Structure formats: structure tokens, C-alpha cells
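K.L.:
So the protein sequences, as listed, match chains P and H.
Quick note, the first sequence lines up with residues 680 to 822 if you use the working numbering.
Quick note, the second sequence lines up with residues 680 to 822 if you use the working numbering.
Take these hints with a grain of salt, some might be off.
It does not matter which identical chain is used: a pair holds within one copy or between any two.
Derived PhoX-like pairs (lysine-lysine); straight-line CA-CA distance at most 25 Å [claimed, not checked]:
{"id": "1", "residue 1": "K777", "residue 2": "K814"}
{"id": "2", "residue 1": "K800", "residue 2": "K817"}
{"id": "3", "residue 1": "K777", "residue 2": "K800"}
{"id": "4", "residue 1": "K718", "residue 2": "K777"}
{"id": "5", "residue 1": "K776", "residue 2": "K730"}
{"id": "6", "residue 1": "K776", "residue 2": "K817"}
{"id": "7", "residue 1": "K730", "residue 2": "K817"}
{"id": "8", "residue 1": "K776", "residue 2": "K814"}
By construction, these hints were calculated from the structure, which means they are not laboratory data.
Just so it is clear, the structure is predicted and the values come from calculations on it, not from any experiment.
There are 2 protein chains.
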Amino acid sequence: MFSNSTKYAIKAVLYLAVNSSEEKKVVVNDMAGLINVPKAYIAKILQELSKKNLISSTRGPKGGFYLSEDNKKAKVYDIVIAMDEEQRMNSCLLSLKKCNIDNPCSLHHLAYNEKEAIIRKLNNTSLEELVEHIKTGKSVFPI
Amino acid sequence: MFSNSTKYAIKAVLYLAVNSSEEKKVVVNDMAGLINVPKAYIAKILQELSKKNLISSTRGPKGGFYLSEDNKKAKVYDIVIAMDEEQRMNSCLLSLKKCNIDNPCSLHHLAYNEKEAIIRKLNNTSLEELVEHIKTGKSVFPI
DNA sequence: TCTTAAATATGATTATTATCATATTTTATT
DNA sequence: AATAAAATATGATAATAATCATATTTAAGA
Numbered sequence: 680m681f682s683n684s685t686k687y688a689i690k691a692v693l694y695l696a697v698n699s700s701e702e703k704k705v706v707v708n709d710m711a712g713l714i715n716v717p718k719a720y721i722a723k724i725l726q727e728l729s730k731k732n733l734i735s736s737t738r739g740p741k742g743g744f745y746l747s748e749d750n751k752k753a754k755v756y757d758i759v760i761a762m763d764e765e766q767r768m769n770s771c772l773l774s775l776k777k778c779n780i781d782n783p784c785s786l787h788h789l790a791y792n793e794k795e796a797i798i799r800k801l802n803n804t805s806l807e808e809l810v811e812h813i814k815t816g817k818s819v820f821p822i
Numbered sequence: 680m681f682s683n684s685t686k687y688a689i690k691a692v693l694y695l696a697v698n699s700s701e702e703k704k705v706v707v708n709d710m711a712g713l714i715n716v717p718k719a720y721i722a723k724i725l726q727e728l729s730k731k732n733l734i735s736s737t738r739g740p741k742g743g744f745y746l747s748e749d750n751k752k753a754k755v756y757d758i759v760i761a762m763d764e765e766q767r768m769n770s771c772l773l774s775l776k777k778c779n780i781d782n783p784c785s786l787h788h789l790a791y792n793e794k795e796a797i798i799r800k801l802n803n804t805s806l807e808e809l810v811e812h813i814k815t816g817k818s819v820f821p822i
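Let the sequences and hints guide you as you build the complete structure.
P.N.:
Following this line, the structure appears as C-alpha cells:
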């Protein structure tokens with residue numbers, strides 16, 4: 680459903696959400712191993728997220744990546760969109776240009792409501808909330 | 680959600696379901712234009728589907744592709760699986776090896792039920808039924 | 001101010017997916 | 001039997017996604 684880049688981005692951001700703060704930055708060299716993603720690859724993704732202000736960073740010694748309080752309020756869907764998955768998530772299962780309830784493709788009624796529901800939930804759930812779930816044992820940090 | 684190959688396969692099979700029979704075969708040269716998929720590409724996909732007995736064919740003059748009555752009873756999900764999308768459909772959103780309700784990844788509860796519902800419907804809907812929907816105007820043939 | 005540890009920018013390589021091309025085999029028709 | 005029209009088998013090319021590598025910039029601390 681998601682590309683590797685998007686999965687890695689979500690994992691990385693979640694890792695930061697759980698383990699970082701402005702006082703406790705995380706260095707890409709450490710993170711790669713901890714979330715089990717190739718170092719050079721995750722580095723590139725982190726830079727992308729940073730440029731889009733979804734994560735925070737400072738350079739130089741004692742630098743690293745972290746989530747500001749503001750960053751933690753972002754929704755999961757913000758990360759998905761940042762990684763350019765809007766099309767994949769939102770488009771018709773059979774790539775009909777204008778697929779909607781008035782002009783539904785043959786698979787529309789098999790998936791539309793469910794896909795909408797997923798998007799709605801991704802868009803209603805903040806990183807903070809996911810952290811809460813992890814901390815209370817309702818879900819597991821994905822390695 | 681689906682790869683291009685899978686989308687094309689579904690479109691092609693649907694086209695045959697609506698427009699072909701053992702007495703009325705369709706030739707790849709015609710079909711390509713009719714469903715708006717590159718000829719050489721759809722040819723390859725049809726051969727794949729044929730080898731897996733999801734569509735029928737005969738060679739030589741007056742030959743072509745068609746769906747037997749049996750072929751028409753296949754489920755949409757059979758086509759999806761034939762195109763090797765099992766992984767993409769069934770795997771965890773974050774690629775957790777063992778993601779389930781007892782060990783749920785952080786996005787599990789945001790998508791699991793919906794994804795299951797889609798798979799269930801794809802697996803409960805036959806090509807015949809989709810044809811019926813098209814013929815009664817409940818859905819539109821996807822070009 | 002020099003050194004060093006970090007992110008950033010940029011681009012190269014590899015793998016996968018999508019697309020194209022063509023020689024071979026089968027079969028109906030003449 | 002010969003011809004021609006179809007699928008089949010196979011492989012080549014192109015585009016995109018995934019992965020790797022490295023030079024540059026920034027900032028802390030000696």
C-alpha cells in the first residue's frame with residue numbers, strides 16, 4: 680500500500696516521536712540501526728522530511744534530528760502526503776480519471792468507503808496519539 | 680494500490696467478460712485500443728492470464744481470447760493474486776513481519792479492518808457479477 | 001580559530017516495474 | 001501442402017523506485 684520510502688519515513692518519525700526532543704537529539708548513524716533501515720537511505724528521507732518541516736534538526740556537534748512539540752502534533756497523513764503518496768492513496772483502483780459515486784468504476788463499490796475510512800483515520804491521528812498507544816502497550820513500535 | 684499490470688489485467692478480463700464468449704473471440708490487436716493499454720504490454724499480460732487458466736484462448740486464424748463460462752465465475756481477487764499482488768494487499772502497512780491484533784504495528788488499528796473488508800469483497804465478487812453491474816448501469820466499464 | 005561532528009546537497013548505482021519487439025508455434029482456410 | 005492469422009515464448013529497452021556514496025556546510029568545543 681505504501682512505498683518503502685513512506686514506510687521508512689513513518690518509522691523514522693515515530694522513532695523520533697518516542698525517543699527524541701529538543702534536548703535529546705538523535706543522530707542518523709544511530710537511528711539507522713535502531714529502526715533497521717539502510718543508513719544512507721534513511722538519511723536522505725530525513726533530509727526530505729526536515730526540508731518540509733515535519734521534523735527538526737540542527738547541524739554540527741551535538742546536533743541531530745528530533746521532533747519539536749509542534750512536529751508531534753502532525754498527523755500521520757501529513758507524512759504520507761509529504762512522501763508523495765497522495766496519488767496512490769486517493770486514486771481510483773482502476774485509474775479511471777473521474778471515478779466517483781455518479782460514475783463509478785467496476786471496483787468502486789468494493790473499496791471506496793474503506794479507502795476513505797483509512798485516509799480519514801490517517802488524517803485524524805497525530806503522532807502524539809501513536810506515541811501514547813505505544814507507551815500504553817496498545818501497539819508495538821514497528822522495527 | 681494495484682500495480683499497472685494488475686489494473687490492466689482486470690480491465691482486460693472485464694473487457695472479455697463483457698464482450699467475448701467461445702463463439703466470439705477477441706484479438707489482442709483489437710483489444711489494446713479498446714481498453715487503452717499498449718498492445719505489446721497487454722499481449723504479455725493476456726499470455727500470463729492464459730497460462731494460469733484465468734482466460735481462454737485459441738491460436739491461428741479465427742483464434743483469439745475469450746472467457747469460458749467457467750472463467751467468468753472467477754473472483755476479482757483471483758486476478759489480483761495471479762498478478763502477484765498478494766504481498767501488497769495482505770502485508771502490514773509498515774512491513775512488520777508478524778503484525779496482528781496481538782502484536783499490532785502502530786497503524787494496525789487505522790487500516791486493518793478496512794483492508795480486510797476490501798480483500799473480502801474482492802474475493803466474494805465474481806467477474807459475472809461485475810458484468811451484471813455494468814449491464815444494469817450500476818458501474819461503468821473502466822477505460 | 002581549528003578541529004570535529006553533525007546535517008545538507010547532490011549525484012551515482014542498482015533493482016524493479018513497465019513497456020516494446022520479434023521469432024516460433026499452432027490452426028483454419030485455400 | 002501452402003498460406004496466413006492468430007497466440008506463445010522469450011528477451012530487450014526504458015522508466016521509476018530503492019539504495020549507496022561523497023563533497024559541502026554548519027556549529028560546538030578545545
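K.L.:
Indicate, hint by hint, whether the structure satisfies it.
P.N.:
Structure-based check of all given hints:
1. K777 x K814: For K777 and K814, the Cα distance is within 25 Å only across copies (19 Å; inside one copy 43 Å).
2. K800 x K817: For K800 and K817, only the intra-copy Cα distance (16 Å) is at most 25 Å; the inter-copy one is 28 Å.
3. K777 x K800: both (24 Å within a copy, 22 Å between copies)
4. K718 x K777: between (41 Å within a copy, 24 Å between copies)
5. K776 x K730: neither (32 Å within a copy, 31 Å between copies)
6. K776 x K817: between (39 Å within a copy, 18 Å between copies)
7. K730 x K817: Neither: 32 Å inside a chain and 46 Å across chains, both beyond 25 Å.
8. K776 x K814: between (43 Å within a copy, 21 Å between copies)
The structure is inconsistent with the numbered hints 5 and 7, although it conforms to all the rest.
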